[in-house]
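Residue numbering for the sequence shown is 1 to 307, as defined by UniProt numbering.
These aren't lab readings, by the way, just hints derived from the structure by calculation. The beta-carbon is built from N, C-alpha and C at its ideal position, and this holds for glycine as well. Just so you know, not all the hints are guaranteed correct.
[As the list claims (entries may be wrong)] Within a straight-line C-alpha distance of at most 30 Å, the following computed DSSO-like cross-link-like pairs (lysine-lysine) qualify:
(1) 260 / 140
(2) 276 / 287
(3) 3 / 200
(4) 260 / 65
(5) 298 / 143
(6) 143 / 76
(7) 143 / 110
(8) 189 / 287
(9) 76 / 65
(10) 287 / 206
(11) 116 / 76
(12) 65 / 143
(13) 141 / 65
(14) 193 / 166
(15) 140 / 110
(16) 65 / 298
(17) 166 / 260
(18) 76 / 141
(19) 3 / 189
(20) 3 / 140
(21) 141 / 260
(22) 143 / 287
[To be verified] What follows is a list of derived Cβ distance ranges for each label pair:
(23) 209 / 77: 28 to 36 Å
(24) 290 / 255: 21 to 29 Å
(25) 291 / 116: 27 to 35 Å
(26) 184 / 157: 15 to 23 Å
(27) 257 / 52: 20 to 28 Å
(28) 304 / 255: 23 to 31 Å
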Amino acid sequence: MNKLLIVGTVAFDAIETPFGKTDKILGGAATYIGLSASFFNLQSAIVSVVGDDFPQEHLDLLTSKNIDISGIEIVKGGKTFFWSGLYHNDLNSRDTLVTELNVLADFQPKVPQNYKDADVVMLGNLHPLVQSSVLDQMEKKPKLVVLDTMNFWMDCALPELLDVIKRVDVITINDEEARQLSGEYSLVKAAAKIQDMGPKYVVIKKGEHGALLFHNREVFFAPALPLEDVFDPTGAGDTFAGGFSGFIAQSENISFNNMKNAIIYGSNLASFCVEKFGTERMETLSKAEVAIRLQQFKSLTQFDIEI
Numbered sequence: 001m002n003k004l005l006i007v008g009t010v011a012f013d014a015i016e017t018p019f020g021k022t023d024k025i026l027g028g029a030a031t032y033i034g035l036s037a038s039f040f041n042l043q044s045a046i047v048s049v050v051g052d053d054f055p056q057e058h059l060d061l062l063t064s065k066n067i068d069i070s071g072i073e074i075v076k077g078g079k080t081f082f083w084s085g086l087y088h089n090d091l092n093s094r095d096t097l098v099t100e101l102n103v104l105a106d107f108q109p110k111v112p113q114n115y116k117d118a119d120v121v122m123l124g125n126l127h128p129l130v131q132s133s134v135l136d137q138m139e140k141k142p143k144l145v146v147l148d149t150m151n152f153w154m155d156c157a158l159p160e161l162l163d164v165i166k167r168v169d170v171i172t173i174n175d176e177e178a179r180q181l182s183g184e185y186s187l188v189k190a191a192a193k194i195q196d197m198g199p200k201y202v203v204i205k206k207g208e209h210g211a212l213l214f215h216n217r218e219v220f221f222a223p224a225l226p227l228e229d230v231f232d233p234t235g236a237g238d239t240f241a242g243g244f245s246g247f248i249a250q251s252e253n254i255s256f257n258n259m260k261n262a263i264i265y266g267s268n269l270a271s272f273c274v275e276k277f278g279t280e281r282m283e284t285l286s287k288a289e290v291a292i293r294l295q296q297f298k299s300l301t302q303f304d305i306e307i
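Required output: the full structure, derived from the provided sequences and hints.
If you want it as structure tokens, here you go:
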């Protein structure tokens, strides 16, 4: 069975949207990636850090999804990373109210020995030095390395980010971040510039407007499924990344055509994530529901036309 190594935060979130608010709930990039990737036939492990304030029930949830948590360090006397955000009416923009790094500030990732030969490495949003450290620990070159990052690291750790970008095969960022990283407004030009930095594939996420995949001069677009209810977009990008990397790891196929399928699988899973607060929807999601919605995606994008 193929192995997927996931690196990222396991955290607490407090979220407020026009539809309600939460107290501290389970969050973190690696959490969403892991829950999403659990829908594929593979072995997965999370490398992260939490404090001893992190409830055992959250760790048990990850274990129940067949996620190896031996790479999650628990710091005695430490406090878990905490983020709080307020979303505006359109849900596309948000204000960060609180960011407490806590144990994440001194995080030194340790890859479990039996995952140092992982087929696919999914580098979730973290400091680029942490992402590079994980790649340094791999004993075998992964078949595919996927990187997720954000504008925060472009602002405060750009040289380190550019170093890790050179070492990855796929980068996933949103349209605003692609423009900032490349200095180009056109997403086609932006993707070309980012490919020159190292990645063979560039995935540009556009939220409710879908996602674009670029490779050389080839482009693929996947729409987002129109939904009746969107309660909380937190973690949707990470859920997308988990579906994308999980499908690739399961299929053992890193061709451009197969990545098109991975984009659809990622978009499909992300469409569930936004339907409830935090990880709530992903915790109870069934494979049957995933299959039904995948058919909806197919119907949305399939047509016959004579040329």
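Here's how the hints hold up against the structure:
{"no.": "1", "hint": "260 / 140", "result": "26 Å, holds"}
{"no.": "2", "hint": "276 / 287", "result": "18 Å, holds"}
{"no.": "3", "hint": "3 / 200", "result": "21 Å, holds"}
{"no.": "4", "hint": "260 / 65", "result": "26 Å, holds"}
{"no.": "5", "hint": "298 / 143", "result": "28 Å, holds"}
{"no.": "6", "hint": "143 / 76", "result": "36 Å, violated"}
{"no.": "7", "hint": "143 / 110", "result": "20 Å, holds"}
{"no.": "8", "hint": "189 / 287", "result": "38 Å, violated"}
{"no.": "9", "hint": "76 / 65", "result": "25 Å, holds"}
{"no.": "10", "hint": "287 / 206", "result": "25 Å, holds"}
{"no.": "11", "hint": "116 / 76", "result": "26 Å, holds"}
{"no.": "12", "hint": "65 / 143", "result": "24 Å, holds"}
{"no.": "13", "hint": "141 / 65", "result": "27 Å, holds"}
{"no.": "14", "hint": "193 / 166", "result": "12 Å, holds"}
{"no.": "15", "hint": "140 / 110", "result": "16 Å, holds"}
{"no.": "16", "hint": "65 / 298", "result": "27 Å, holds"}
{"no.": "17", "hint": "166 / 260", "result": "23 Å, holds"}
{"no.": "18", "hint": "76 / 141", "result": "33 Å, violated"}
{"no.": "19", "hint": "3 / 189", "result": "34 Å, violated"}
{"no.": "20", "hint": "3 / 140", "result": "12 Å, holds"}
{"no.": "21", "hint": "141 / 260", "result": "23 Å, holds"}
{"no.": "22", "hint": "143 / 287", "result": "26 Å, holds"}
{"no.": "23", "hint": "209 / 77: 28 to 36 Å", "result": "45 Å, violated"}
{"no.": "24", "hint": "290 / 255: 21 to 29 Å", "result": "23 Å, holds"}
{"no.": "25", "hint": "291 / 116: 27 to 35 Å", "result": "34 Å, holds"}
{"no.": "26", "hint": "184 / 157: 15 to 23 Å", "result": "21 Å, holds"}
{"no.": "27", "hint": "257 / 52: 20 to 28 Å", "result": "46 Å, violated"}
{"no.": "28", "hint": "304 / 255: 23 to 31 Å", "result": "25 Å, holds"}
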